[in-house]
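Colleague: The chain contents come next:
Protein chains: 2
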Amino acid sequence: MHRMTVLLGHGSGGKLSAELMRDVFLPAFSNPILGRLEDQAIVEVNGTRLAFTTDTFVVKPLFFRGGDIGSLAVHGTINDLAMGGARPLFLSTAFVLEEGLEIDTLRRIAQSLAAAATSAGVTIVTGDTKVVEKGSGDQLFINTTGIGLAPEGLNLSAGHARPGDAVILSGPIGDHGIAILSQREGLEFECPISSDSAPLHTLVEAMLAISSEIRCLRDPTRGGVSSTLNEIAAQSRVSIQIEEKAIPVREEVRGACELLGLDPLYVANEGKLVAIAAPSAADTIVAAMRAHPLGREARVIGRVNDGHPGLVTLRTVFGSTRIVDMLAGDQLPRIC
Amino acid sequence: MHRMTVLLGHGSGGKLSAELMRDVFLPAFSNPILGRLEDQAIVEVNGTRLAFTTDTFVVKPLFFRGGDIGSLAVHGTINDLAMGGARPLFLSTAFVLEEGLEIDTLRRIAQSLAAAATSAGVTIVTGDTKVVEKGSGDQLFINTTGIGLAPEGLNLSAGHARPGDAVILSGPIGDHGIAILSQREGLEFECPISSDSAPLHTLVEAMLAISSEIRCLRDPTRGGVSSTLNEIAAQSRVSIQIEEKAIPVREEVRGACELLGLDPLYVANEGKLVAIAAPSAADTIVAAMRAHPLGREARVIGRVNDGHPGLVTLRTVFGSTRIVDMLAGDQLPRIC
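Listed in order, the protein sequences are those of chains H and S. Heads up: the first sequence begins at 0 in numbering that gives the first Met the number 0, then just goes up one per residue. Heads up: the second sequence begins at 0 in numbering that gives the first Met the number 0, then just goes up one per residue.
If you're looking for bench data, these hints aren't it; they were derived computationally from the structure. Every residue gets a Cβ at the ideal spot worked out from N, C-alpha and C, and that includes glycine.
Quick partial rundown of chain S residues pointing at chain H, CB under 8 Å, derived from the structure: (1) Gly-10; (2) Gln-110; (3) Asp-127; (4) Thr-128.
Under the rule of at most 30 Å between Cα atoms (straight-line distance), these lysine-lysine pairs were calculated in the DSSO-like manner: (5) S:Lys-133 - H:Lys-59; (6) H:Lys-133 - S:Lys-59; (7) S:Lys-14 - S:Lys-244; (8) H:Lys-14 - S:Lys-133; (9) H:Lys-133 - H:Lys-59; (10) H:Lys-59 - H:Lys-14; (11) S:Lys-59 - H:Lys-59; (12) S:Lys-59 - S:Lys-14; (13) S:Lys-133 - H:Lys-133; (14) S:Lys-14 - H:Lys-133.
Bound conformation, chain H alone (with noise of 0.2 Å):
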């Protein structure tokens, strides 16, 4: 790697934490299992699969329009158990706490993970707390590590999308990272934009059990939409195009991305998901997803295409068709 210290876009979820993982983390912990690239492991003990999956959490602030980091540490790695396919069981947490934090404000984050994972049907079961000066830290970071049941004979994975598929989106984009950073900045829009962080394990739940044509499930967290149908049509070596006008966007963040110069598909989200799945079976998927809650605005954005393994174009509202490559810097860091 030519770049000699960590950069703040080496958290961001593009391309620099790509290069790290590839420089870095690879080449050193290479195996089978951690080189499936995706968000979840799946082991086996004893004959039972697990999904297996950790994330930390240094969201900044702590409290934001739509939750805090204590139901984002408990969303997201439900999220990511979700992604695999698996039912959420089992989460530890892991608390980094800055030297002065009020005890009053680990309260309250404690209280509101521990109620995320109270009403997403979750047990956190194991837990560590560490401390570090004052200047060391900043206030508190939360990792979340969970335990999941992966059913058999099911495997989803980014490298499982073939031409002809359909991209599925689960609903509008950017909402999380809009509202962290609009309250970062101080911003203040007519109708305040919350963060869309949502467990997400039900309406993976409901698909399933209504179609065994899908072939990845992935949340599309740091570096956006664009990011992760990157790495769909990297690891699938297919290429994907998408059609801007069947995006939803709502108004006030498409508003809040043109104020911020952002790309809405770069944007981060917490509570939504791209499908991939075959194109016979889109229909009946979509119509359950919006018969859930946290689906009601599904719909087939895009389609997989063979050629140029890798691509992911955008087919724009005026019928040109432009690139969508990786977040290439850091965007929005510390959004999750």
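Position chain S relative to chain H; hints supplied.
Modeller: Here is chain S on its own, set in the frame of chain H:
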């Protein structure tokens, strides 16, 4: 809780840590599995008993004599699984990087972490990386979370000590804490002290293979042997008496402790364990431990007694007896 902000001592593994657990985390997360307060949760998935444990490492400095934050992050989590009698299988690793960290430092640590995992026979199957701005972290923190296979019918617990039981210690204490502290303070000794950081799962395996009379296993990390024994005495509602002359402490560690005004009983270890076992089995267990490279200096250091539930006392080399309380302050921050 009467204290309003987080203090360094809340991360010490002593009284303040217990207070935070009791006043903030347990009321929020309360459930029977977490309430066990063991180093690991034992959960059942599809009839398979899994051990599950999490730990974030914030040790400073990152590299120390006898290890680094990478190897420590592997050993610490393996040991928490092993103390439940479980066979460690899979680890997740989650990095929080501070902007500006040298990539080469990260690479060395990733390689050390990977080497420690390989040598202990565990596989790193999933991970996460976040980056925070310069000044919002301290180089890097690592969370490792582990899954192990817990044998059927084995139920080790700090609540299982009974009057008459033997207290067994696997070897000399205080090495890790003194190695870190002397390096941090720039102290030089004739015989430099190395951390005892090591994976204890094969030692535990040997112990469990030879005896079914082990009630409890604990690794005395933060807060040292004194805090571990206090936890066992409190949870089992017994008292414990240990013999000062029976407790192995290296000459160099004893000297450093005198110099620094520390009691070795409160200093952290990362490659030692305390076992509580039926008195009739103690000799057999100690013999099995001595046959293992990590238990060569194992010995019985005390007894569990009736009465005075929660009290730990030390009979000194002079024949007097003193109370050994839990660690009260923040003797050694960021030791692990």
